[in-house]
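Engineer: The listed protein sequences derive, respectively, from chains A and V. Residue numbers for the first sequence follow numbering that gives the first Met the number 0, beginning at 0 and rising by one. Residue numbers for the second sequence follow numbering that gives the first Met the number 0, beginning at 0 and rising by one.
In short, the hints are calculated from the structure, not lab data. Glycine included, each C-beta is placed from N, C-alpha and C at the ideal position. One should not assume that every hint holds.
What the hints assert, rightly or not - Just a few of them, taken from the derived set where beta-carbon distance is under 8 Å, the chain A residues facing chain V: (1) Tyr-18; (2) Leu-23; (3) Leu-33; (4) Asp-34; (5) Arg-37; (6) Ala-60; (7) Asn-77; (8) Ala-79; (9) Gly-95; (10) Pro-122.
Said to hold, decoys possible - DSS-like cross-link-like pairs, simulated, lysine-lysine; straight-line CA separation at most 27 Å: (11) Lys-64(V) <-> Lys-47(V); (12) Lys-163(A) <-> Lys-130(A); (13) Lys-154(A) <-> Lys-55(A); (14) Lys-47(V) <-> Lys-68(A); (15) Lys-43(V) <-> Lys-64(V); (16) Lys-148(A) <-> Lys-163(A); (17) Lys-68(A) <-> Lys-64(V); (18) Lys-55(A) <-> Lys-148(A); (19) Lys-65(A) <-> Lys-96(V); (20) Lys-99(V) <-> Lys-55(A); (21) Lys-148(A) <-> Lys-68(A); (22) Lys-148(A) <-> Lys-130(A); (23) Lys-130(A) <-> Lys-154(A); (24) Lys-55(A) <-> Lys-64(V).
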Amino acid sequence: MARRPTDYAAFRAIVDQNYSALTLPSDCKESHPLDIVRVTPDSWHLRWYLEFSDNKYVRIAERYEKFSKMMSLSRRINVAYHYGEITRRGPDSLPGHLASDPVDMRIDDSCGAIHLHYNSQNPHHPNDAVKGLDLDDLDMFGFVNGIFKHRANQKPLHVVFGFKV
Amino acid sequence: MTKSALDIGNERTYDGTLRILEAQMSPIREQFLTLLEVEELIHKFEEKYQVSTTEFLTSTELRAKMLDDEVFQWEAFNAHRDELERAAEEVRSDYLKHLKTSQDDSRGANNNLALAA
Numbered sequence: 000m001a002r003r004p005t006d007y008a009a010f011r012a013i014v015d016q017n018y019s020a021l022t023l024p025s026d027c028k029e030s031h032p033l034d035i036v037r038v039t040p041d042s043w044h045l046r047w048y049l050e051f052s053d054n055k056y057v058r059i060a061e062r063y064e065k066f067s068k069m070m071s072l073s074r075r076i077n078v079a080y081h082y083g084e085i086t087r088r089g090p091d092s093l094p095g096h097l098a099s100d101p102v103d104m105r106i107d108d109s110c111g112a113i114h115l116h117y118n119s120q121n122p123h124h125p126n127d128a129v130k131g132l133d134l135d136d137l138d139m140f141g142f143v144n145g146i147f148k149h150r151a152n153q154k155p156l157h158v159v160f161g162f163k164v
Numbered sequence: 000m001t002k003s004a005l006d007i008g009n010e011r012t013y014d015g016t017l018r019i020l021e022a023q024m025s026p027i028r029e030q031f032l033t034l035l036e037v038e039e040l041i042h043k044f045e046e047k048y049q050v051s052t053t054e055f056l057t058s059t060e061l062r063a064k065m066l067d068d069e070v071f072q073w074e075a076f077n078a079h080r081d082e083l084e085r086a087a088e089e090v091r092s093d094y095l096k097h098l099k100t101s102q103d104d105s106r107g108a109n110n111n112l113a114l115a116a
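The shape of chain V in the complex, shown without the other chains (with noise of 0.2 Å):
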C-alpha cells in the first residue's frame, strides 16, 4: 500500500485502519526564487511536456491532459518570470538614469572648476 500523506505522523493499527494521533498544523513556509530558479523549474516543465511554454500556453488540448495543479505553477513560473524580467529592467533603467545624472553633475562641476581655473 503506497504511504498517504495521513499516514505521516499518525498510526495504522493492526487491522490497516488509520488512527488520527493529532492533527497538526505546519509553519507557514515561505520562500524566494530568483529568476534563475523560476527558468529552471519552466524548463522542468518544459522537458517533462516536450513543449515551449508558448505552445503551453496556446494550447487547450495539452492543458486538459494535465493535472490542475501542473498547468497552475508552470503558469504562475512563467507569470513570474515576466515580473522578474520586468523589474530587472526598471532596476536596470534607474541605474542608468542615476549614472546619467551623476555624470552630468561631475561634468558640471568640472566645468566650474575649468571656469574657476
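Okay, chain A solo, but in the shape it has when bound (with noise of 0.2 Å):
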C-alpha cells in the first residue's frame, strides 16, 4: 500500500483485510465493486466508486508497477481518492469528474508529485505543504474510513484527517 515497495501477495493480503473489516455506512452503497486488473504478477491496478444518497461519491484508483531491477516487488505509481459531489457520469453511468468540477477533498499525482485539492480545485497543495498528514502515507482504506467519519460526526475533513493546509 502507499508508496512503499510491496509485492502482489502483501498487497492483497493487506486489501483483503481491510476490505473485509469495512463496514459501509447505511446511505452507500459500492456502484463499482473494487476490481483488481492485472497483466503480470508486478502489474495491477484497481478502481472502487462508493456512492452515498446525498448524491456525493468517493473514487478509488491506484496503479502498481515493477520496481525496476527489482524481483517480485511492486510500488504504486498512480493514486487517485476523490471525494466530491456527483457533477456528471461518464460512459458507464459511474461519477465522472473534470478539473472544473467541485471537490470537498482529492488526493492525486495527476501532475507529477503527490498533492491534495481541499474544497476547490486550485491551489494543489503539495505533500511539504500539508502539516499533520502525510499524503503518501494514507492508503485507500485510511481515506475511504476518514470519509465516513467525516460524514457520520460531520466534523470537517481536515479536523477528521488531522491535517493543516
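Make one complex out of these two single chains by using the hints.
Structural biologist: Below, the structure is given as C-alpha cells:
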C-alpha cells in the first residue's frame, strides 16, 4: 500500500483484511466494487466507487508497476482518492470528474508529485505543505474510513484527517 | 429518471425517496488481461478520442477535457502494455539463452561420442 514497495500477495492480503473489516454506512452503496486488473504478477491497477444518498461519491484508483530491477516487487505509480459531489456521469454511468468540477477532498498525483485538493480544485497543496498528514502514507482504506467518519460526525475533513494547509 | 447505482438493490418509496435496504459490499473482483485484450482496450480509447496513445500522453489540452477515470485507465493500459511486452521479451530471451545452452551441451555430448568412437 501507499508508496512502499510491495509484492502482490502482501498487497492483496492487506486489501482483503481491510476490505472485509469495512462496514458501509447505511446511506452508501458500492457503485463499482473494488476491481483489480492484473496483467503480470508485478503490474496491476484497481478502481473502486462508493456513492452516497446525498449525491456525493468516493472514487479510488491506484496503479502499481514493477519496481525496476527488483525481483517480484512493485510500487504504487499512480493514485487518486476523490470525495465530492456527483456533477456528471461517464459512459459507464459511474460518477465522472473534470478539473473544473467541485471537490471536497482529493489526493492525486496526476501532475507528478502527490498533492491535495481541499474544497476546491486550486490550489494544489503539495505533500510538504500539508501539515499533520503524509499524503503518501494514507492508503485507500484510511481515506474511505476518514470520509465515513466525516459524514457520521459532521466534523470538517481537515479535522477528521488531522491536517492543516 | 435515470436509475442510479444507489437504486440497485434498494427501493423507491411512493414519494420517490430512496429507502436503503442494506449496504452490501461485493466481493473484490480480480481479472487477468492478456496483451491482446489490453491492446484492444487501448484501441477503444484511440477510436473514441480519434488520437493515438502518444498524442494522448503528450496533449495536456486533451487530457484536461477527459474524465479523470478515463485518463487513469488509458494511462494504466498503456503502462500495462509496456510491461507485458517487457515480460514477453524477457521470456523470449531466457528461452533463446536456454536453447543456446542446450545446443552447446548436445554439441559437446556429440563431440564426446565422436571421440569415444
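Engineer: Each hint should be assessed against the structure and marked as holding or not.
Structural biologist: Consistency of the hints with the structure:
Given hint, Tyr-18(A) at the interface with chain V, holds; its Cβ is 6 Å from that chain's nearest Cβ, closer than 8 Å. Annotation: Leu-23(A) was flagged as interfacial toward chain V, and the flag holds, the nearest CB pair being 4 Å apart, inside 8 Å. Using the Cβ-Cβ criterion of 8 Å, the hint placing Leu-33(A) at the interface with chain V is satisfied: the shortest such distance is roughly 5 Å. Because the beta carbon of Asp-34(A) sits about 4 Å from the nearest beta carbon in chain V, less than 8 Å, this interface hint is met.
With a cut of 8 Å, the hint placing Arg-37(A) at the interface with chain V holds, because the nearest CB-to-CB distance is about 5 Å. Look at Ala-60(A): its Cβ gets to within about 5 Å of chain V, closer than 8 Å, so that hint holds up. Satisfaction of the interface hint for Asn-77(A) is found here, the shortest Cβ-Cβ separation to chain V being roughly 7 Å, below the 8 Å cut-off. Checking Ala-79(A) against chain V by beta carbon gives a least distance of about 6 Å; that is within 8 Å, so the hint holds.
Because the smallest distance between the Cβ of Gly-95(A) and any Cβ of chain V comes to about 4 Å, under 8 Å, the interface hint for this residue holds. Given hint, Pro-122(A) at the interface with chain V, is violated; its Cβ is 17 Å from that chain's nearest Cβ, farther than 8 Å. Taking the CA atoms of Lys-64(V) and Lys-47(V), the gap is about 13 Å. The hint holds against a cut of 27 Å. Distance check on the hinted pair: Lys-163(A) and Lys-130(A) sit about 5 Å apart at the alpha-carbon level, within 27 Å; holds.
Distance check on the hinted pair: Lys-154(A) and Lys-55(A) sit about 16 Å apart at the alpha-carbon level, within 27 Å; holds. For the hint pairing Lys-47(V) with Lys-68(A), the CA-to-CA distance comes to about 36 Å; that exceeds 27 Å, so the pair is violated. For the given pair, Lys-43(V) sits about 17 Å from Lys-64(V) by alpha-carbon distance, which is consistent with the 27 Å threshold. Only pairs whose Cα atoms come within 27 Å are accepted, and Lys-148(A) paired with Lys-163(A) is accepted, the gap being roughly 18 Å.
With a C-alpha separation of about 36 Å, the suggested pairing of Lys-68(A) with Lys-64(V) is violated against the 27 Å cut-off. Among the hinted pairs, Lys-55(A) with Lys-148(A) is consistent with the structure: their alpha-carbon atoms are about 14 Å apart, no more than 27 Å. Taking the CA atoms of Lys-65(A) and Lys-96(V), the gap is near 23 Å; set against the 27 Å cutoff, the hint holds. A hinted pair counts as satisfied when its Cα atoms are at most 27 Å apart, and Lys-99(V) with Lys-55(A) does not qualify at roughly 60 Å.
Proposed proximity of Lys-148(A) and Lys-68(A) is contradicted: the alpha carbons are some 40 Å apart, above 27 Å. Of the pairs offered as hints, the one joining Lys-148(A) and Lys-130(A) holds, with about 20 Å between alpha carbons and a cut-off of 27 Å not exceeded. For the given pair, Lys-130(A) sits about 18 Å from Lys-154(A) by alpha-carbon distance, which is consistent with the 27 Å threshold. Restraint check for Lys-55(A) and Lys-64(V): the C-alpha separation of about 22 Å stays at or below 27 Å, so the hint holds.
In summary, the structure is inconsistent with hints 10, 14, 17, 20, 21 from the numbered list given earlier, while agreeing with the others.
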